[in-house]
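S.K.: Sequence:
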Amino acid sequence: MREGPLAELFKATEAAQQQAEKSGEAAPQPPEDAATAAPEAPTEPDERTVEHVPSWEETGVETPIPTPP
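Position 10 of the sequence shown, counting from 1, maps to 10 under our numbering, and the rest follow consecutively.
Worth flagging that the hints you see were computed from the coordinates, not collected in a lab. Since the model is a prediction, treat every value here as computed from it, not as a measurement. For glycine and all other residues, C-beta sits at the position ideal for the given N, C-alpha and C. Incorrect hints may have been included.
Stated by the list, open to error - Computed Cβ-Cβ distance ranges for the label pairs, DEER-style:
(1) 14 with 48: 47 to 57 Å
(2) 9 with 41: 24 to 34 Å
(3) 41 with 7: 28 to 38 Å
Put together the whole structure using the sequences plus the hints.
M.R.: Here is the structure:
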């Protein structure tokens, strides 16, 4: 089975980390970017909302059936 470019990148990253450990440097942390940062949780609206009431529950009275003329 042939390895793809992702496997090559992984091997190169591990080799660079091992080389950095041997030379006494800490592995560099990737900068936290707006694109990689976790998105903020959406906030709740300030106003209160009313739940939907189906039309058949809005009135307690039945609608009379119109009589044909």
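S.K.: Taking the beta carbons of residue 9 and residue 41, is their distance inside 24 to 34 Å?
M.R.: holds, 32 Å
S.K.: Are residue 41 and residue 7 spaced within 28 to 38 Å by their CB atoms?
M.R.: holds, 35 Å
S.K.: Go ahead and decide if the range 47 to 57 Å is satisfied by the Cβ distance of residue 14 to residue 48.
M.R.: At 54 Å between Cβs, range holds.
When held up to the earlier numbered hints, the structure conflicts with none and fits them all.
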